[in-house]
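Residue numbers (this note's numbering), protein chains in the order written: chain A, 1 to 258; chain B, 1 to 86; chain C, 1 to 354.
Honestly, the hints are just simulated from the structure, not real lab data.
Keep in mind that this is a model prediction, so the values were computed, not measured.
You may find that some hints are simply not true.
The list that follows gives simulated cross-link-like pairs (lysine-lysine, DSSO-like), each with its CA atoms no further than 27 Å apart [as the list claims (entries may be wrong)]: (1) Lys250(A) <-> Lys137(C); (2) Lys150(C) <-> Lys253(A); (3) Lys270(C) <-> Lys183(A); (4) Lys250(A) <-> Lys190(A); (5) Lys45(A) <-> Lys223(A); (6) Lys235(C) <-> Lys145(A); (7) Lys188(C) <-> Lys30(A).
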Amino acid sequence: MAARAIWKGVLTLGSTELPVKLYSAVEPRKVSFRLLHKSDREPLKQRMVDPESEEPVEYEETRRGFPTDDGRVVILDSEELEELQPEPSREIELTRFVPLGAVDPHWYDRPYWVGPDGNTDDYFAFAKALEESGRVGIVRWVMRKKEYVGGLRAEDGYLMLVTMRHAGEVVSADALQPPGGRKLDARELKMAKQLVDALTGEFEPEQYRDEYAARVMELVEAKAKGKKLPKKRARRKAAADESLADALEKSLKAARAA
Amino acid sequence: MLCARCGGTNQGAETVKTSAGRGANLQLKPMPWWLDDGEEVCEHCLQRYAYEVEVRCVACDAALCPHCAVVVRATRESYCPGCEEA
Amino acid sequence: MAEDEELDLDQEEEGGERIRPFWSGTISFGLVSVPVDLYPATRPKRVALRMLSPDGVPLARRFYDERHDRDIERDEIVRGFEMDDGEMVLVTDAELEALEPDKSRDIDLRRFVPAESLDPRYFNRGYFLAPSGESTKAYRLLAAVMEETKRAGIATFVMRGKEYLVAIFAENGILHAETLRFADELRKPQDVGLPDVRKPKAADVKTYARAIDRLKKQSLAEKELRDAWAERLLKLVERKAKKGEDTVELPEEVEAPADSDVIDLMEVLKRSLQGAKERRSERSASSGRARKSSGRSDAKSGSSGRSAAKKSGAKNDLSALSKEELYERAQELDIPGRSSMSKAQLVRALERAG
Numbered sequence: 001m002a003a004r005a006i007w008k009g010v011l012t013l014g015s016t017e018l019p020v021k022l023y024s025a026v027e028p029r030k031v032s033f034r035l036l037h038k039s040d041r042e043p044l045k046q047r048m049v050d051p052e053s054e055e056p057v058e059y060e061e062t063r064r065g066f067p068t069d070d071g072r073v074v075i076l077d078s079e080e081l082e083e084l085q086p087e088p089s090r091e092i093e094l095t096r097f098v099p100l101g102a103v104d105p106h107w108y109d110r111p112y113w114v115g116p117d118g119n120t121d122d123y124f125a126f127a128k129a130l131e132e133s134g135r136v137g138i139v140r141w142v143m144r145k146k147e148y149v150g151g152l153r154a155e156d157g158y159l160m161l162v163t164m165r166h167a168g169e170v171v172s173a174d175a176l177q178p179p180g181g182r183k184l185d186a187r188e189l190k191m192a193k194q195l196v197d198a199l200t201g202e203f204e205p206e207q208y209r210d211e212y213a214a215r216v217m218e219l220v221e222a223k224a225k226g227k228k229l230p231k232k233r234a235r236r237k238a239a240a241d242e243s244l245a246d247a248l249e250k251s252l253k254a255a256r257a258a
Numbered sequence: 001m002l003c004a005r006c007g008g009t010n011q012g013a014e015t016v017k018t019s020a021g022r023g024a025n026l027q028l029k030p031m032p033w034w035l036d037d038g039e040e041v042c043e044h045c046l047q048r049y050a051y052e053v054e055v056r057c058v059a060c061d062a063a064l065c066p067h068c069a070v071v072v073r074a075t076r077e078s079y080c081p082g083c084e085e086a
Numbered sequence: 001m002a003e004d005e006e007l008d009l010d011q012e013e014e015g016g017e018r019i020r021p022f023w024s025g026t027i028s029f030g031l032v033s034v035p036v037d038l039y040p041a042t043r044p045k046r047v048a049l050r051m052l053s054p055d056g057v058p059l060a061r062r063f064y065d066e067r068h069d070r071d072i073e074r075d076e077i078v079r080g081f082e083m084d085d086g087e088m089v090l091v092t093d094a095e096l097e098a099l100e101p102d103k104s105r106d107i108d109l110r111r112f113v114p115a116e117s118l119d120p121r122y123f124n125r126g127y128f129l130a131p132s133g134e135s136t137k138a139y140r141l142l143a144a145v146m147e148e149t150k151r152a153g154i155a156t157f158v159m160r161g162k163e164y165l166v167a168i169f170a171e172n173g174i175l176h177a178e179t180l181r182f183a184d185e186l187r188k189p190q191d192v193g194l195p196d197v198r199k200p201k202a203a204d205v206k207t208y209a210r211a212i213d214r215l216k217k218q219s220l221a222e223k224e225l226r227d228a229w230a231e232r233l234l235k236l237v238e239r240k241a242k243k244g245e246d247t248v249e250l251p252e253e254v255e256a257p258a259d260s261d262v263i264d265l266m267e268v269l270k271r272s273l274q275g276a277k278e279r280r281s282e283r284s285a286s287s288g289r290a291r292k293s294s295g296r297s298d299a300k301s302g303s304s305g306r307s308a309a310k311k312s313g314a315k316n317d318l319s320a321l322s323k324e325e326l327y328e329r330a331q332e333l334d335i336p337g338r339s340s341m342s343k344a345q346l347v348r349a350l351e352r353a354g
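Using the sequences and the accompanying hints, generate a full structural model.
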């Protein structure tokens, strides 16, 4: 069951070129919620209006611009906008290869599978070489008239490209001051470590499922039939008045017994 | 400008005022997050939307607000207005 | 209200208005509870084009009922779930909240995994967690342990009507959460139709290995993450603004756009991490600082978008308040015409009222 490629490009590495196709690695979500008018449940539409006159403006008549700090707006015409845009290109340029740990995961945004577009043998040779290098390739490309940066990694024998956010869009923990307080108790630290150890395992993503979505479906189906969902009795939460040390001890006992 | 009450951008409160006309009772109810302007920018209409309601074009993966996305009834797939020809 | 005074748009600016946390709850591991507030770790796109009318007025979004061709107020809008047969089932936020699991305000870390073992394809969005309880001890303990053991805690929780898989990390003594994609939200190579993996020729692999080696570097370069388009845009806008080219004044109806009123996330995170409780008194004092520091704090990271270093020293205490707060005061004093006043107008009216 082939998905549609969202873009085609050419991976360039030095003088080598490898034509590839990009596919979203995220399963598209089916749209379910719609905005409705309360009174008649008619679906709503959106339009853009001039807030001064409340007059709608057709998409084709709209202009583009940018507000300045001092309360003005600079209008840009289509020529200027085009000049701002990067040169269209099919090139996915590899600029450097850095160690896997060198890219903070917070920079990553969206994953794409990169598949071969012809040259299948070269594709797998490159994927293998990348895997063996233990590195991630930093790539630059222009797609949908925008400049993108991403990390190219070898995953499961294939190539995966994950776009990265721009500098300034991510707040780094290093730029923040951690909360202060009294020095932590050595015994509590030890117990906490033991507890974490007791709860340590492998990351098994298949284990987790979106159960909430299923409950939403239940609710919706019940409402459609005019039924009400039985109310679940709320479980009472345990009192949280024990000391940290006691809580740790109890937890450790429970974890070890499990 | 972010709303002190609901964490959404406050454009909503202002537009409530203008769309209700002058002198109308301004209701400063917190905007539901799915209606409020968020932090993402729709690639089509350039308006802001909350990330959680984002829709991506199946053809080109553009990030869209739910109002711009063209939904194909049968398959529930979403497209940006530009890619709709498929 | 016939104001002949020049409207000083400086007064429109918010000084240090609070960002509310996205979510508040507790993180538990074992029986230990850590009360926290969740804030985004990513900043909005500062630099984006605005859609304008032919006269250059930034357009606003309106919802309308197509059949009757009339604008709909936001409080007349509800959400409906579209069934397969096209029927719309109304769903309220309250109903959705009632579906949340009993402990949904609790991120229960029942498993810890090596932080490095989390593949980037799972990462969705990042959030910072600030301690919200009286004591920071449990928070710091969890952070210290996770940082030392290099582990991440895994759990699920519901936020904004959706369930998320989440990984809690610690970095620099600060807890942060990354929502993860569920396994069935990710496609496998077979799902997109990639060919089966084939064994490549050793010689070809070697050639590529050499090419990779030639571009070996230790880390990313700062400049690679620059938003070059934004930089070009800002330069052009500045140039045109200076010459007054294609520049229009923002009408009074339109509040200074969201972009220019960005409350610096950094400031909010800093304050919430330190547990600053008295924000009101801090606000007018720090609003000037907040503006400047937001410009500089991005020095490391290249383009920081628009310079928000606009003078905003409060002319008086009133303009340091949010429009909401001003409106509330105007309501108390029963100031006529208050519901159609802009922020600046509210300030003036309140000043006059004494």
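Here is how each hint holds up against the structure:
{"no.": "1", "hint": "Lys250(A) <-> Lys137(C)", "in the structure": "holds (18 Å)"}
{"no.": "2", "hint": "Lys150(C) <-> Lys253(A)", "in the structure": "holds (23 Å)"}
{"no.": "3", "hint": "Lys270(C) <-> Lys183(A)", "in the structure": "holds (21 Å)"}
{"no.": "4", "hint": "Lys250(A) <-> Lys190(A)", "in the structure": "holds (14 Å)"}
{"no.": "5", "hint": "Lys45(A) <-> Lys223(A)", "in the structure": "holds (25 Å)"}
{"no.": "6", "hint": "Lys235(C) <-> Lys145(A)", "in the structure": "holds (19 Å)"}
{"no.": "7", "hint": "Lys188(C) <-> Lys30(A)", "in the structure": "holds (18 Å)"}
Of the numbered hints listed earlier, not one is contradicted by the structure.
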